[in-house]
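Chains as they are written, first to last, in the working numbering: chain A, 1 to 160; chain B, 1001 to 1272.
Don't take every hint at face value.
[To be verified] Which bits of chain A does chain B cover? Going by a derived footprint, with three or more residues having C-beta under 8 Å, they are:
#1 6 to 14
#2 74 to 80
[As the list claims (entries may be wrong)] Which chain B residues face chain A? A few, computed with CB under 10 Å, are given here:
#3 Val1073
#4 Gly1115
#5 Leu1187
#6 Val1207
Calculated directly from the structure, the hints in this document are not laboratory data. Even for Gly, the Cβ is constructed at its ideal location relative to N, Cα and C.
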Amino acid sequence: MTESTAAALAGHTFATGLSRQHIDRLAAHATAIEIPAGQRIFAEGQLAARFWLVISGRVALDLQIPGRGRLIVETLGPGDELGLSWLGPIRQWQFGAVAQLPVTALEFQSAAVEALCDYDHELGYKLTRRLLATAVSRLQAARIRILDLYAVPVRSAGGP
Amino acid sequence: MTMSQVPVSYRVSERQDETHDTVTLTLEPAGAPLESSKPGQFMMLYAFGVGEVPVSVSGPPGAAGLTHTIRAVGAVSRALCSAAPGQAVGVRGPFGTSWHESDAFGQDLLVIGGGIGLAPLRPAVLAALREPGRYRHITVLIGARSPAELVFAAEYERWRDSGATVEVTVDRADAGWHGHVSVVTQLVGPSGLDPRRTLALICGPEVMMRLTAQTLLAAGMTASQIRVSLERNMQCGVGECGHCQFGPLLLCRDGPVVSYHAAAPLLSIREL
Ligand SMILES: Cc1cc2nc3c(=O)[nH]c(=O)nc-3n(C[C@H](O)[C@H](O)[C@H](O)COP(=O)(O)OP(=O)(O)OC[C@H]3O[C@@H](n4cnc5c(N)ncnc54)[C@H](O)[C@@H]3O)c2cc1C
Ligand code: FES
Chain A
1 MTESTAAALA GHTFATGLSR QHIDRLAAHA TAIEIPAGQR IFAEGQLAAR FWLVISGRVA
61 LDLQIPGRGR LIVETLGPGD ELGLSWLGPI RQWQFGAVAQ LPVTALEFQS AAVEALCDYD
121 HELGYKLTRR LLATAVSRLQ AARIRILDLY AVPVRSAGGP
Chain B
1001 MTMSQVPVSY RVSERQDETH DTVTLTLEPA GAPLESSKPG QFMMLYAFGV GEVPVSVSGP
1061 PGAAGLTHTI RAVGAVSRAL CSAAPGQAVG VRGPFGTSWH ESDAFGQDLL VIGGGIGLAP
1121 LRPAVLAALR EPGRYRHITV LIGARSPAEL VFAAEYERWR DSGATVEVTV DRADAGWHGH
1181 VSVVTQLVGP SGLDPRRTLA LICGPEVMMR LTAQTLLAAG MTASQIRVSL ERNMQCGVGE
1241 CGHCQFGPLL LCRDGPVVSY HAAAPLLSIR EL
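Okay, chain A solo, but in the shape it has when bound (with noise of 0.2 Å):
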C-alpha cells in the first residue's frame, strides 16, 4: 500500500463512513491503475476475481449479442464500484466491460479482500452492506429502464 492509494481510497465516495484503519486494511490490497480508453477490463465467460473502483473516467458494460453486435448495457464512472459478479454463485463475468474514456481506479483481488473480511468481520460487514447498496441500486436503475418511462403512454381501457 501506498499512501496516495489510501487517501485515494478515502476520497471515494464507496469508503464514506469507513473508520481511518478500515480504510488502511483496505488500501493494503488496493492497487492504482489507469486503463486507456478502448482497452477491455474483462470479457463476459472469464473467471470473475476482481473488482474495481472507479475514480474517473468511464466504462461501459457490454454484451456480444448474435445478430445484433455488441450492446452496451450500463455505464460506470467516478465514484462506482465495477465488478460484482465475483459475489455471485458462479464466479464468472456476466457482462464484459470496457473503458470507454481513459479510466483510473483501485483495482481488488477479491480473494483477498474476501480473506479480509473473515479476518475482520466488523470491516466484512461494513463491506457488504456497501456492496449490497451497489447491487441494490443498479437493480433499482435496471427496473426504472425496463419500465420504459419516457415511451408514449397508451390509454387505459378503463378503471384504475
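Chain B with the ligands: place on chain A using the hints.
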C-alpha cells in the same frame, strides 16, 4: 369571452424534425403578436378542425416568433406535428408559472430533462446561457429512451461552448453510441452537486421527476430548492374550468412549474 380565450392566428414558418415522432415548429404571428412568454410557460395551440392542446414554449425567451416542440401522441398533437410551413395555427397564451431560473444567480443551476421534458426547460437553459457569468455553474443532465430520441441533440455542443456542463444518457444504446447508458438520476452523483447552493429544474415523465427529486433530496437538497413542471389535461388555461385540477392546485394558473415542496405530497397520491 376574454382576450386570452380567443385564439390568435399564427403561421408555421419553419419545421424541424427532432425525432421520429417529435417536431419543432416556429410560428410567426399573422397579425399582432401575443405577449412574449417566460421560460416554463405554455400556450394553447389550436389545430383548426381537430382541437386544442397545451404545449410549452421551447424557444428562446423574447424571440419574435413562437417555438414549440411537439410529440405526436394523439389526434391534436399529430395534426400539429404534420403542419407544413404556411399552415395556420390558433394560439392562446402565454399561461402559467415560469421556472424563474434567475433565482439561481450566484449559485449552481442544475437542469434535468427527460425525453420531451427537455422542451419546456430549453428556454431556461438558453436564458441562463445568455449570462453564464451570473451562475457558479450551469449543468444540464439529459435522459432519453435512445440516442435517436434525443431532442435538440444538435445544440448540446453549443450549450457546452457557452459555458454549460452537458451530460447525456440513454436507457438503450445502439451500436454507434459512445455516451452514458443509465438512468438520468445516475448522472447526479458525478455532477459535483453542491446541495447547499443549487437550484434544480426538472421536467420529464412524472415517475422520472419523482425519482430525480428523491435523488437530489438524498444528496442533501431541500424540496424548496427543486422545481418540477406538472402536466394535466387543460381546457380554458385561465383557472376557470377546473380541468387541470391537481389537489389544491389549478395547474394552468398555479403551475405548470411548481416547487417540489408543493408537488411531492400530490405526486405520491395515485390517480390524482
Ligand atoms: C402545461 C403543459 C405543457 C405541455 N407541453 C408539451 C410540449 O412542450 N410538447 C408536447 O409534445 N406535449 C406537451 N404537453 C402534452 C400535450 O398537451 C399532450 O400530448 C396533448 O394534450 C395530447 O393531446 P392529443 O389530442 O394529441 O392526444 P390525446 O388523444 O389526448 O392523448 C393521446 C395519448 O397521449 C397521452 N397523453 C396525453 N397527454 C399527455 C401528456 N401530457 N403527457 C404524456 N402523455 C400524454 C394519453 O394518455 C394518450 O395515451 C404539455 C401538456 C401540458 C399540460
Ligand atoms: S385549464 Fe381550466 S382551470 Fe386550468
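Okay, the hints, checked on the actual structure:
For a cut-off of 8 Å, the count of residues in the segment 6 to 14 of chain A with a CB near a CB of chain B stands at 1, and the three-residue condition is violated. With 5 residues carrying a beta carbon less than 8 Å from a beta carbon of chain B, the segment 74 to 80 of chain A meets the three-residue requirement, and the given coverage holds. Below 10 Å, beta-carbon pairs count as interface contacts, and B:Val1073 has one with chain A at about 5 Å; its hint therefore holds. At its closest, the beta carbon of B:Gly1115 sits 4 Å from a beta carbon of chain A; the interface hint therefore holds under the 10 Å criterion.
About 9 Å separates the beta-carbon of B:Leu1187 from the nearest beta-carbon of chain A, less than 10 Å, and the hint is met. Satisfaction of the interface hint for B:Val1207 is found here, the shortest Cβ-Cβ separation to chain A being roughly 6 Å, below the 10 Å cut-off.
The structure is inconsistent with hint 1 alone, although it conforms to all the rest.
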